[in-house]
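Number of protein chains: 2
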Amino acid sequence: MTTDPAPGADLQQLVANARAGRVRAIARLISLVENNSPRLREAMSLMAPHTGHAHVVGLTGSPGVGKSTTVAALIAAFRRRGVRIGVLAVDPSSPFTGGAVLGDRVRMQNHSLDTGVYIRSMASRGHLGGLSTAAPQALRVFDTARFDVVLVETVGVGQSEVEIASTADTTLVLLAPGMGDGIQVAKAGILEIGDVFVINKADRDGVQNLQREIRGMIALDPQRGPQEWKPPIVRTVASAGEGIAELADQIEAHRAAQRLSGAWDRRRLARFRAEIEALALAEVRRRFLTGDRAVAADLAARVRDGRTDPFSAADLLLRNL
Amino acid sequence: MTTDPAPGADLQQLVANARAGRVRAIARLISLVENNSPRLREAMSLMAPHTGHAHVVGLTGSPGVGKSTTVAALIAAFRRRGVRIGVLAVDPSSPFTGGAVLGDRVRMQNHSLDTGVYIRSMASRGHLGGLSTAAPQALRVFDTARFDVVLVETVGVGQSEVEIASTADTTLVLLAPGMGDGIQVAKAGILEIGDVFVINKADRDGVQNLQREIRGMIALDPQRGPQEWKPPIVRTVASAGEGIAELADQIEAHRAAQRLSGAWDRRRLARFRAEIEALALAEVRRRFLTGDRAVAADLAARVRDGRTDPFSAADLLLRNL
Chain A
624 MTTDPAPGAD LQQLVANARA GRVRAIARLI SLVENNSPRL REAMSLMAPH
674 TGHAHVVGLT GSPGVGKSTT VAALIAAFRR RGVRIGVLAV DPSSPFTGGA
724 VLGDRVRMQN HSLDTGVYIR SMASRGHLGG LSTAAPQALR VFDTARFDVV
774 LVETVGVGQS EVEIASTADT TLVLLAPGMG DGIQVAKAGI LEIGDVFVIN
824 KADRDGVQNL QREIRGMIAL DPQRGPQEWK PPIVRTVASA GEGIAELADQ
874 IEAHRAAQRL SGAWDRRRLA RFRAEIEALA LAEVRRRFLT GDRAVAADLA
924 ARVRDGRTDP FSAADLLLRN L
Chain B
624 MTTDPAPGAD LQQLVANARA GRVRAIARLI SLVENNSPRL REAMSLMAPH
674 TGHAHVVGLT GSPGVGKSTT VAALIAAFRR RGVRIGVLAV DPSSPFTGGA
724 VLGDRVRMQN HSLDTGVYIR SMASRGHLGG LSTAAPQALR VFDTARFDVV
774 LVETVGVGQS EVEIASTADT TLVLLAPGMG DGIQVAKAGI LEIGDVFVIN
824 KADRDGVQNL QREIRGMIAL DPQRGPQEWK PPIVRTVASA GEGIAELADQ
874 IEAHRAAQRL SGAWDRRRLA RFRAEIEALA LAEVRRRFLT GDRAVAADLA
924 ARVRDGRTDP FSAADLLLRN L
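Top to bottom, those sequences are chains A and B.
So the first sequence is numbered by this note's numbering: it starts at 624 and just counts up by one.
So the second sequence is numbered by this note's numbering: it starts at 624 and just counts up by one.
Since the hints were made in silico from the structure, they are not lab data.
Just so you know, nobody snuck in bad clues.
Stretch-level coverage of chain A by chain B, calculated; a stretch enters the list once three of its residues show a Cβ under 8 Å from a Cβ in chain B:
| no. | region |
| --- | --- |
| 1 | 672-685 |
| 2 | 888-900 |
| 3 | 928-942 |
Covered by chain A, according to a simulated footprint, are these stretches of chain B (three or more residues, beta-carbon under 8 Å):
| no. | region |
| --- | --- |
| 4 | 910-920 |
| 5 | 925-935 |
Note that the Cβ used here is the ideal one computed from N, Cα and C, for glycine as well.
Generate coordinates for the entire structure from the input sequences, incorporating the hints supplied.
Below, the structure written as structure tokens:
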């Protein structure tokens with residue numbers, strides 16, 4: 624859980640090298656995050672003054688909609704515009720996934736000689752705070768390394784993945800015709816978080832219907848006021864590169880609109896707040912694991928014997944923290 | 624989130640009625656849990672002295688192995704023995720499930736006139752603590768209502784479901800031939816938690832192989848000492864009732880062995896401890912949501928401006944709790 628991928632390395636030098644865009648340093652810093660290294664705290668502290676530049680783009684969508692293909696196409700489009708782009712492929716620590724992310728990584732290797740691109744998949748098994756602490760920490764490394772855009776790709780659509788995608792500066796919701804996606808979007812609470820909707824595989828039947836469904840749901844969303852950003856719907860065929868330039872345009876348009884309206888700053892503050900709270904919760908959990916076992920054991924015994932209820936026991940445990 | 628399913632009801636009377644086995648009272652108490660009622664704490668406190676009797680049996684297994692059919696067959700088997708049995712079907716709050724549990728509930732309705740059986744499905748959306756606090760609270764209601772056995776059926780096999788199943792007094796791991804289950808068991812960390820392995824659909828091809836695989840993995844498990852309970856492997860065809868009496872025997876044998884060795888008590892203490900810690904964490908989370916917004920906002924702004932790192936901010940937040 625706390626193996627150190629850069630033992631003895633000078634963290635100051637590592638951060639300086641990351642700032643200079645050196646891939647090896649970036650990789651080692653993200654490994655510190657992934658392994659929840661004891662020196663993570665020092666590393667974060669050294670990076671803190673050098674962040675605040677990168678625009679974080681979250682991608683979410685059901686398996687099979689073409690997330691990896693879209694990521695690959697977006698990398699190419701942004702690189703043509705001279706934009707430095709990072710990709711964080713996040714594996715929500717389920718014992719059943721794991722293979723997919725590595726596969727995607729390999730598929731995207733054709734950018735491996737370009738220092739303006741860095742692609743990294745990350746698990747979060749060892750993390751007490753899970754992805755809610757690991758993802759923002761990894762993003763901070765990308766930010767320190769001065770990437771202009773960081774794409775966060777999550778595997779599958781679960782609650783935690785939605786949370787990560789929704790704390791991005793711009794959230795892309797990917798759909799494809801013929802997958803019952805309209806209903807899926809409505810169910811999963813994805814509609815509320817989408818800043819740009821992407822209908823991929825738009826050469827298939829059912830595009831019109833899907834677009835109408837999404838448009839209807841956006842119009843009905845009570846949380847979107849008339850002054851708010853109206854999420855565009857972009858049609859793509861990512862495998863052929865179609866619509867990708869327009870998608871990149873819409874990402875940049877959303878970025879500009881967010882900066883202008885102040886929403887960019889509000890979202891960042893919300894994101895940092897969520898990160899701080901997740902770290903605080905992880906610390907509480909750590910104290911439970913390492914804390915006074917006698918106190919916890921005594922409380923459990925009192926609950927077992929019906930001498931107290933679990934709520935009162937929890938209060939006592941917190942007071943003892 | 625906090626709608627009260629029993630407004631104005633006298634909680635003392637409700638608990639007394641639940642102790643007398645009245646279904647309506649049991650249902651209302653579990654609804655208090657499900658809705659995270661403001662009166663839940665008082666209800667738990669009233670129930671605390673009346674618990675400690677029920678034997679909790681957790682069921683886990685991949686979709687399609689026949690969990691619901693097995694539950695239905697076990698209900699019938701235990702009822703024939705005069706055992707009062709409760710079933711808690713737990714829905715891990717994913718937006719994608721929900722249908723299955725209700726379906727199971729309907730399928731098991733043929734016991735609805737028998738007061739020795741109570742079947743209840745429960746979601747945990749409103750819960751800050753999620754299933755880790757809601758499930759033990761619901762079990763406490765069953766326990767108060769003097770059920771001898773409570774089956775906890777979880778939907779799907781994810782980490783949280785494994786956790787719930789593993790805190791049971793007896794954990795059943797259900798498998799079926801021809802589903803690649805051997806590998807699945809090894810992957811999901813289910814092997815370590817199984818007290819009784821059930822090969823359902825044992826009239827199908829591949830039973831021998833599956834049994835050999837499970838036996839091999841049990842033998843290799845370093846956590847099982849020679850004095851420990853050796854998990855038996857029971858073959859069933861739940862749809863035809865075959866092997867179910869033997870399964871019920873093994874559950875009772877495990878119960879007796881656990882009581883004798885003291886493991887029963889150790890497990891309960893671990894379960895109560897986990898519940899207390901989960902409640903304490905939920906309380907911390909609640910304080911973040913309702914606490915001083917100015918402090919959290921200021922910390923987030925300091926992180927944004929690179930004036931501090933998130934770890935230091937988290938320390939300050941905890942100190943402010």
